[in-house]
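Student: What follows is the residue order along each chain.
There are 2 protein chains.
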Amino acid sequence: MSTVTGQNFIGGSRSAAGTVTLESLDASTGVALPFRFHQATPEEVDRAANAADQAFVEFRQLSPERRAEFLDAIADEIDQLGDDFVALVCRETALPAGRIQGERGRTSGQMRLFAKVLRRGDFLGARIDLAMPDRKPLPRVDLRQYRIGVGPVAVFGASNFPLAFSTAGGDTAAAFAAGCPVVFKAHSGHMATADQVGCAIIRAAEKTGMPKGVFNMIFGAGVGEPLIKHPAIQAVGFTGSLHGGNALSKMAAEREQPIPVFAEMSSINPVILLPQALAARGDKVAGELAASVTMGGGQFCTNPGLVIGLRCPELSAFIEHLTQQMTEQAPHTLLNAGGLRNYTKGVEHLLGHKGITHLAGHTQSGAQAQPQLFKADVSLLLNKDPLLQEEVFGPATIIIEVENDAQLKDALLALRGQLTATLIGEPGDLEHYQWLVPILEQKVGRILVNGYPTGVEVCDAMVHGGPYPATSDARGTSVGSLAIDRFLRPVCYQNYPDALLPAALQNRNPLGLQRLVNGEWSSKAIA
Amino acid sequence: MSTVTGQNFIGGSRSAAGTVTLESLDASTGVALPFRFHQATPEEVDRAANAADQAFVEFRQLSPERRAEFLDAIADEIDQLGDDFVALVCRETALPAGRIQGERGRTSGQMRLFAKVLRRGDFLGARIDLAMPDRKPLPRVDLRQYRIGVGPVAVFGASNFPLAFSTAGGDTAAAFAAGCPVVFKAHSGHMATADQVGCAIIRAAEKTGMPKGVFNMIFGAGVGEPLIKHPAIQAVGFTGSLHGGNALSKMAAEREQPIPVFAEMSSINPVILLPQALAARGDKVAGELAASVTMGGGQFCTNPGLVIGLRCPELSAFIEHLTQQMTEQAPHTLLNAGGLRNYTKGVEHLLGHKGITHLAGHTQSGAQAQPQLFKADVSLLLNKDPLLQEEVFGPATIIIEVENDAQLKDALLALRGQLTATLIGEPGDLEHYQWLVPILEQKVGRILVNGYPTGVEVCDAMVHGGPYPATSDARGTSVGSLAIDRFLRPVCYQNYPDALLPAALQNRNPLGLQRLVNGEWSSKAIA
Numbered sequence: 001m002s003t004v005t006g007q008n009f010i011g012g013s014r015s016a017a018g019t020v021t022l023e024s025l026d027a028s029t030g031v032a033l034p035f036r037f038h039q040a041t042p043e044e045v046d047r048a049a050n051a052a053d054q055a056f057v058e059f060r061q062l063s064p065e066r067r068a069e070f071l072d073a074i075a076d077e078i079d080q081l082g083d084d085f086v087a088l089v090c091r092e093t094a095l096p097a098g099r100i101q102g103e104r105g106r107t108s109g110q111m112r113l114f115a116k117v118l119r120r121g122d123f124l125g126a127r128i129d130l131a132m133p134d135r136k137p138l139p140r141v142d143l144r145q146y147r148i149g150v151g152p153v154a155v156f157g158a159s160n161f162p163l164a165f166s167t168a169g170g171d172t173a174a175a176f177a178a179g180c181p182v183v184f185k186a187h188s189g190h191m192a193t194a195d196q197v198g199c200a201i202i203r204a205a206e207k208t209g210m211p212k213g214v215f216n217m218i219f220g221a222g223v224g225e226p227l228i229k230h231p232a233i234q235a236v237g238f239t240g241s242l243h244g245g246n247a248l249s250k251m252a253a254e255r256e257q258p259i260p261v262f263a264e265m266s267s268i269n270p271v272i273l274l275p276q277a278l279a280a281r282g283d284k285v286a287g288e289l290a291a292s293v294t295m296g297g298g299q300f301c302t303n304p305g306l307v308i309g310l311r312c313p314e315l316s317a318f319i320e321h322l323t324q325q326m327t328e329q330a331p332h333t334l335l336n337a338g339g340l341r342n343y344t345k346g347v348e349h350l351l352g353h354k355g356i357t358h359l360a361g362h363t364q365s366g367a368q369a370q371p372q373l374f375k376a377d378v379s380l381l382l383n384k385d386p387l388l389q390e391e392v393f394g395p396a397t398i399i400i401e402v403e404n405d406a407q408l409k410d411a412l413l414a415l416r417g418q419l420t421a422t423l424i425g426e427p428g429d430l431e432h433y434q435w436l437v438p439i440l441e442q443k444v445g446r447i448l449v450n451g452y453p454t455g456v457e458v459c460d461a462m463v464h465g466g467p468y469p470a471t472s473d474a475r476g477t478s479v480g481s482l483a484i485d486r487f488l489r490p491v492c493y494q495n496y497p498d499a500l501l502p503a504a505l506q507n508r509n510p511l512g513l514q515r516l517v518n519g520e521w522s523s524k525a526i527a
Numbered sequence: 001m002s003t004v005t006g007q008n009f010i011g012g013s014r015s016a017a018g019t020v021t022l023e024s025l026d027a028s029t030g031v032a033l034p035f036r037f038h039q040a041t042p043e044e045v046d047r048a049a050n051a052a053d054q055a056f057v058e059f060r061q062l063s064p065e066r067r068a069e070f071l072d073a074i075a076d077e078i079d080q081l082g083d084d085f086v087a088l089v090c091r092e093t094a095l096p097a098g099r100i101q102g103e104r105g106r107t108s109g110q111m112r113l114f115a116k117v118l119r120r121g122d123f124l125g126a127r128i129d130l131a132m133p134d135r136k137p138l139p140r141v142d143l144r145q146y147r148i149g150v151g152p153v154a155v156f157g158a159s160n161f162p163l164a165f166s167t168a169g170g171d172t173a174a175a176f177a178a179g180c181p182v183v184f185k186a187h188s189g190h191m192a193t194a195d196q197v198g199c200a201i202i203r204a205a206e207k208t209g210m211p212k213g214v215f216n217m218i219f220g221a222g223v224g225e226p227l228i229k230h231p232a233i234q235a236v237g238f239t240g241s242l243h244g245g246n247a248l249s250k251m252a253a254e255r256e257q258p259i260p261v262f263a264e265m266s267s268i269n270p271v272i273l274l275p276q277a278l279a280a281r282g283d284k285v286a287g288e289l290a291a292s293v294t295m296g297g298g299q300f301c302t303n304p305g306l307v308i309g310l311r312c313p314e315l316s317a318f319i320e321h322l323t324q325q326m327t328e329q330a331p332h333t334l335l336n337a338g339g340l341r342n343y344t345k346g347v348e349h350l351l352g353h354k355g356i357t358h359l360a361g362h363t364q365s366g367a368q369a370q371p372q373l374f375k376a377d378v379s380l381l382l383n384k385d386p387l388l389q390e391e392v393f394g395p396a397t398i399i400i401e402v403e404n405d406a407q408l409k410d411a412l413l414a415l416r417g418q419l420t421a422t423l424i425g426e427p428g429d430l431e432h433y434q435w436l437v438p439i440l441e442q443k444v445g446r447i448l449v450n451g452y453p454t455g456v457e458v459c460d461a462m463v464h465g466g467p468y469p470a471t472s473d474a475r476g477t478s479v480g481s482l483a484i485d486r487f488l489r490p491v492c493y494q495n496y497p498d499a500l501l502p503a504a505l506q507n508r509n510p511l512g513l514q515r516l517v518n519g520e521w522s523s524k525a526i527a
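Protein chains in written order, with full-length UniProt numbering: chain V, 1 to 527; chain U, 1 to 527.
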């Protein structure tokens, strides 16, 4: 392991110009770890953004293969972070070692997926319309389009995935792949982890000859605002709370030059229990659902926070089973004291609401989060009670009974935007309830059948996004290879000499791309 | 021609619930045309947005072929708008008949291009990652992604293209292609034209059995704000002024649910004259440039408003030629009185600035715009004087001499975002000045060589967009088939029964799409 110096990462060097320092706490004991983190000064924030801007010109013009080598090298460095590193992450987050080991593999795998995207080259979006000098009434000029990075990206990582959604997480990987340098705001919940991962990225950047400033990281409270407002920053990736995401979006919109923000924020991930499935395997579903709700202390963006079923004896039996299952779930140490405070407050709000019944869960007290099960009257959903729409981040869920199909429809229409929706159904259920799908498509980014939304595969087809407030822009995903699209913009060349064109657009097609040539896809060279 | 009733288009019917009416003026004489347009009431705006929302569910689920039939039918209806229609457009805009005939063909051609995109199907972005039940340590689920429309789109057309950037223009075509119903805010400068084109769209919608509410149009001042703020509206397309685009972007960002705005706003479209070209054909370039600056009264988003050359005797000779050419250009009747007022004011500001010299152009007076040529000191650009960065909409341009290559670089770096940049150069120039291109790529959406930016081909490879303030989001284009991307968002299906999946994602690939299957592009069925 490298020494944790707690200094900011700026333009390939470390910097500690300020006097304010911060501590990182052991998430289980609250005791400070033996490191000091140096809050970036306004001048350091400025230098970090400028370093990214300077690196952009060179970095974005590197061939896709060269950027792929960088991503592969990061992946190798992350894989080599050993048991001492895992132990450090566990101390900062109270997550178990097995989970961190798995997340390490997910994080390096994510880098390698984007390296594959770079080598495949379709992200370049090459399109060519050849000149038609004899066209009447007017000739057509030669036009060629591909996509380049938008510029330096500011990334704000999540507390709940200290590796996969943090320093070298999906937003950073997507930005690098797009040719965009990154300024990362280290999460206060795992600064030592961030420091170590930052060192791994820098080692990879040096080994593969990337421009200094391709990766920068700043520590501290209040450094996010000047970062977002810095004119060099051209886009923002964020994973966190609705409040935080909204605040960043507002700052970005109020800049002299507004910039896009991709904030993944709040989702209660409804699970819809269909009748035949309840009859066939209600007990099993209750066990699986309790496990999904409490997995990782319920600290997932895709945690199922709302369960909806049609009133019937099988649903009553299911609720009994789920109540029993939830009562038996062990308490969890959350990621940090702030998380526990928010969870306790969220549970108190639910307990205090007269439309909500407490079904299971020990009284919330002490240093751990007690799993909780509530039942809410459907009228709360129909009347858009905000309490029911807001994510309680932790091991809690709410069940709702609806009277009939019409009420089910109304309840789903009353939902705000979500990352996921899940249907638990037998084949007959799915056929009968096919009418649900168009409704869900308009509400969510991912529709699951007979699975649980926790567990987000990193692949080409994944969508980890959805209508507001799940994210600030439903047109993006923050997991999977499509995430690169958020950081690309098209540029067109008109009548440009072939030899001077970017390789992606040259006649001989040196990158071997599939290109849209005169309206047809082709991987051939142009004669 | 249909009767111009001046009523709002709402959910397949016409509506005139309010008492406020508006007139459309003959652009050449200022005389009112014999029509009355009914300003939409707040309740009518609400009904129009709700009609679009209701149509969305059915419309977005139509097959691409069905939507293509709709677009083709609109194209046919537009082609059939005859000489009486052309005469009406000419009266409202003072544009010549030949231009309107050409624009009619461009507008129907645009619809047909999107029909082709629909039939090609690549806009669906189909991606499939098949299940890997035996993968270790965890099995992979089946994941399939494609793209659907974001929802109803509000479109604000431009004054300067009463057909191609208006009622049935590029934004409307792209939204329809994406499966998004449209609420169009009729431009006050050509309401009778809008009425006729609206009727053509409705005829096409009826002939092809589209849901009522697929197209809606509202007339009036102040109806844009409630439209943008309506919860049913999910995205905005706009072409117009920086001031107007910024105002819409602000409203959209301040909604409870923020929505994306694609505003095409302000660009001065620099033309860079390289030395060998000036030596070889400076006279010819001067003639071509004067024609481009004054074409259509200079009322193009891509009008070349800034000309930059390196100080040399050839540049001095060029300036003399251009001065002479611009002096000889005829005055133009602009699109409307407001446009003439703005042009007059813009010219006055330039005349009043001590760093700017007036080279050519008759005193601005009367009902027409006089073509004008100015020369500005390079320091204005280097010091980011706002006067030099702002578009003067009309037949005027500004020339700047730079001392040397270093100052050329600084001048370009000082530019704000633009739709286009143009290089006029001989082969040797282009090779020597290759270092300009990375700078221009970061500033503009389209780089032209030895052409003029006026004239925007509607094709797959076109980019009519660029960094702020050229547009509000450089990741989009408002001309060309990529424009559809702005109105699409991805949705993912996990472990969904094949028979119930959207056709684009079914194993047998019934649409014959190129799909990304397990990381490889393939048009095959899945076994």
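Source of the hints: derived by calculation from the structure; they are not laboratory data.
Note that the structure is predicted; figures quoted are calculated from it, not measured.
Careful: at least some of the hints might be erroneous.
Identical copies carry no separate label here, and so any pair may be met within one copy or between two of them.
[Claimed, not checked] No farther apart than 35 Å at their CA atoms in a straight line, the calculated lysine-lysine pairs in the DSBU-like style are these:
1) K384 / K409
2) K524 / K250
3) K443 / K136
4) K284 / K409
5) K207 / K136
Student: Taking the hints in turn, state whether each one holds.
Tutor: Hint by hint, here is what the structure shows:
1. K384 / K409: within (14 Å within a copy, 56 Å between copies)
2. K524 / K250: Classified as neither; 46 Å inside a copy, 45 Å across copies.
3. K443 / K136: between (47 Å within a copy, 33 Å between copies)
4. K284 / K409: Answer is within; shortest intra-copy Cα gap is 26 Å, inter-copy 68 Å.
5. K207 / K136: between (55 Å within a copy, 31 Å between copies)
Violated hint for the displayed structure: number 2, the only one.
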